Amino acid sequence: MLSVEAVCKQFDGRAVLVEFDLRVEDGQFVCLLGPSGCGKTTLLKILCGLLTPDRGRITLNGSPGIRPGVDVCLVFQHYGLFPWLSVLDNVAFGLKLRGVPTADRQRRAQEFIALVGLAGFEGHYPHQISGGMQQRAGLARALVNAPEILLMDEPFAAVDALTRERLQEQLLEIWDRDRKTVIFVTHSMDEAIYLADRVVVMGGPPGAVMDDVLTGLPRPRPKGIRGSDEYLRLMGQLRRRLEEAGPGRRPEETAHDGKGS
Amino acid sequence: MAKAADPRTALPGQRSPLAMGAGILSPTALRVGSTVVLVVLWEFFGRRVNPILFSYPTAILRAGVDLTASGELPRAILTSLQNFVAGFALAAVVGVTLGLLVGRFRLLEYALRHILDAFYVTPQVALIPLVILWFGLGPPAKIFIIFLVGMFPIFYNTADGVRSLGRGLVEVAEAYGASERQQFREVTVPATLPHIMTGVRLGIGRSLTGMVVAEMFTATSGLGAITVFYANTLDTARLFVPVIVLTLLGVALLQLGLSLERRFAPWKETERAW
Ligand SMILES: Nc1ncnc2c1ncn2[C@@H]1O[C@H](COP(=O)(O)OP(=O)(O)O)[C@@H](O)[C@H]1O
Ligand SMILES: [Mg+2]
Chain V
1 MLSVEAVCKQ FDGRAVLVEF DLRVEDGQFV CLLGPSGCGK TTLLKILCGL LTPDRGRITL
61 NGSPGIRPGV DVCLVFQHYG LFPWLSVLDN VAFGLKLRGV PTADRQRRAQ EFIALVGLAG
121 FEGHYPHQIS GGMQQRAGLA RALVNAPEIL LMDEPFAAVD ALTRERLQEQ LLEIWDRDRK
181 TVIFVTHSMD EAIYLADRVV VMGGPPGAVM DDVLTGLPRP RPKGIRGSDE YLRLMGQLRR
241 RLEEAGPGRR PEETAHDGKG S
Chain Y
1 MAKAADPRTA LPGQRSPLAM GAGILSPTAL RVGSTVVLVV LWEFFGRRVN PILFSYPTAI
61 LRAGVDLTAS GELPRAILTS LQNFVAGFAL AAVVGVTLGL LVGRFRLLEY ALRHILDAFY
121 VTPQVALIPL VILWFGLGPP AKIFIIFLVG MFPIFYNTAD GVRSLGRGLV EVAEAYGASE
181 RQQFREVTVP ATLPHIMTGV RLGIGRSLTG MVVAEMFTAT SGLGAITVFY ANTLDTARLF
241 VPVIVLTLLG VALLQLGLSL ERRFAPWKET ERAW
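If you're matching them up, the sequences are chains V and Y in order.
For the first sequence, counting from 1, position 74 maps to 74 in the working numbering; every step adds exactly one.
For the second sequence, counting from 1, position 146 maps to 146 in the working numbering; every step adds exactly one.
What the hints contain is simulated information worked out from the structure, not anything from laboratory work.
Only a predicted model underlies this, so the values are computations on that prediction, with no experimental measurement involved.
Each hint can be trusted.
Distance windows between CB atoms, simulated:
hint	chain 1	residue 1	chain 2	residue 2	range
1	V	G131	Y	L30	37 to 43 Å
2	V	D190	Y	L30	54 to 60 Å
3	Y	R263	V	A114	26 to 32 Å
4	Y	R167	V	P222	38 to 44 Å
5	Y	Y110	V	G99	34 to 40 Å
6	V	G131	Y	T28	36 to 42 Å
7	V	K223	Y	R167	39 to 45 Å
8	V	S130	Y	Y110	43 to 49 Å
9	V	S130	Y	L25	35 to 41 Å
10	Y	T122	V	A114	57 to 63 Å
11	Y	R263	V	R67	34 to 40 Å
12	V	G99	Y	P74	47 to 53 Å
13	Y	P140	V	H124	46 to 52 Å
14	Y	R167	V	E169	30 to 36 Å
Cβ coordinates follow ideal geometry from the N, Cα and C atoms, glycine included.
Pulled out of the complex, with its shape left as it was, chain V reads as follows (with noise of 0.2 Å):
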């Protein structure tokens, strides 16, 4: 279980999480939804050791000493694969920071390529495929390390709809394999409702939880699920959260009936 307890976090003396709680179970996929700028990105920064926290507690399982591409491991929005390496060493980079030999750590990194459906590309460069194929290759440099936890900030906004569709489903495919835990930020109800076991409405900044759903639709998502009563209702449901978490919103100022996990 992951435990984010009281955290805070400013820049230049502006908040951006004030006093931040969240609990997340093993084998959750969690969505955090929120307007841009209330602090999503910050808070994966902090679960990933790109930041520290000014205040509050961080823990995996208890323990506090959370290994950055080991225990957690970020998938960049805007892919960050690196220009220099092929799709195969991109994947790679994880296990050749620690040291896995050669042979080895390509092999394994070959095998998360196939998962990702890239077989082929392993030798072309980022500049020489799409922006859904990075995508997919930045997925298979997290899912290579076997991490706790995989993080993604808003994975496939950046990516055309179809594309983006095509990428949830592959997603949820690769995730229904182990179940690991997953925190998925987004600023799209729909991607929301259609990945997660469970949504967490952001609101801010101050970054705050607005509202925790979880959706209890069926797994795996059957055709046609975004067309269906429950779909709509909970679309209607984080909408409405949404448009009360603009800037300065706190979840007192605001009526609370969503159910926390």
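On the provided structure of chain V, position chain Y with the ligands as indicated by the hints.
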């Protein structure tokens, strides 16, 4: 230097050679044609000028054959190239190392940058007499000059390249658990490679000039030295031989620099805002 033009992508305002009528007028054909015209005109008018003041292609060719047969030209080329390779290799190693260090460590930049700036704005050829006092007239003096003038563009491009790197890709490495050292080796250095190669290309040109000036000044050996010798003996046709060899050498080295740049930064043209 401009990239080789593609006939299908003429600049706006330029008419594509294909549009000018016959498809045989390719860029290569035009280049060869203009060169032939230039050489013929040079031959024609060059013959009418006092041979002490000027020369013409066939005379230069004859002089070139003589100088080659006597071994003088091959010897000079070899000496020049040896000095160039030694001096430029030194320039590359020192320039890249200094550039990476100064680009990365703020304190080093504060301590060294203004001193290096002062060296850079000093016309370095003005130091040649001093360098000769230190090293004598032999190869070490020339190697040092080649090193000195070639080092600066490499240093500056490397240091600026490191500093202009965004946080983005370094952060990616950090998020995958890279130590400071690994961030530097796996991200900073390869990401700076295109800038380093630009510095190398600029350094090649400056080192070549530095080499010729140093050889002319010391007048002991190398292509610059035989240029001075035949100028002093008023043998203008022979004077042109090393000059033309230097031109060809410059073109070859420039091409080498450009291909290094392309080779080590194939992504550069499509890179994102990282
Ligand atoms: N390194 C930083 N320095 C200063 N301000 C920052 C920095 N990173 C983020 N911020 C600010 O913190 C707020 C939250 O940013 P972010 O976490 O990126 O939001 P989100 O990902 O939800 O769009 C924004 O107002 C942003 O301007
Ligand atoms: Mg963000």
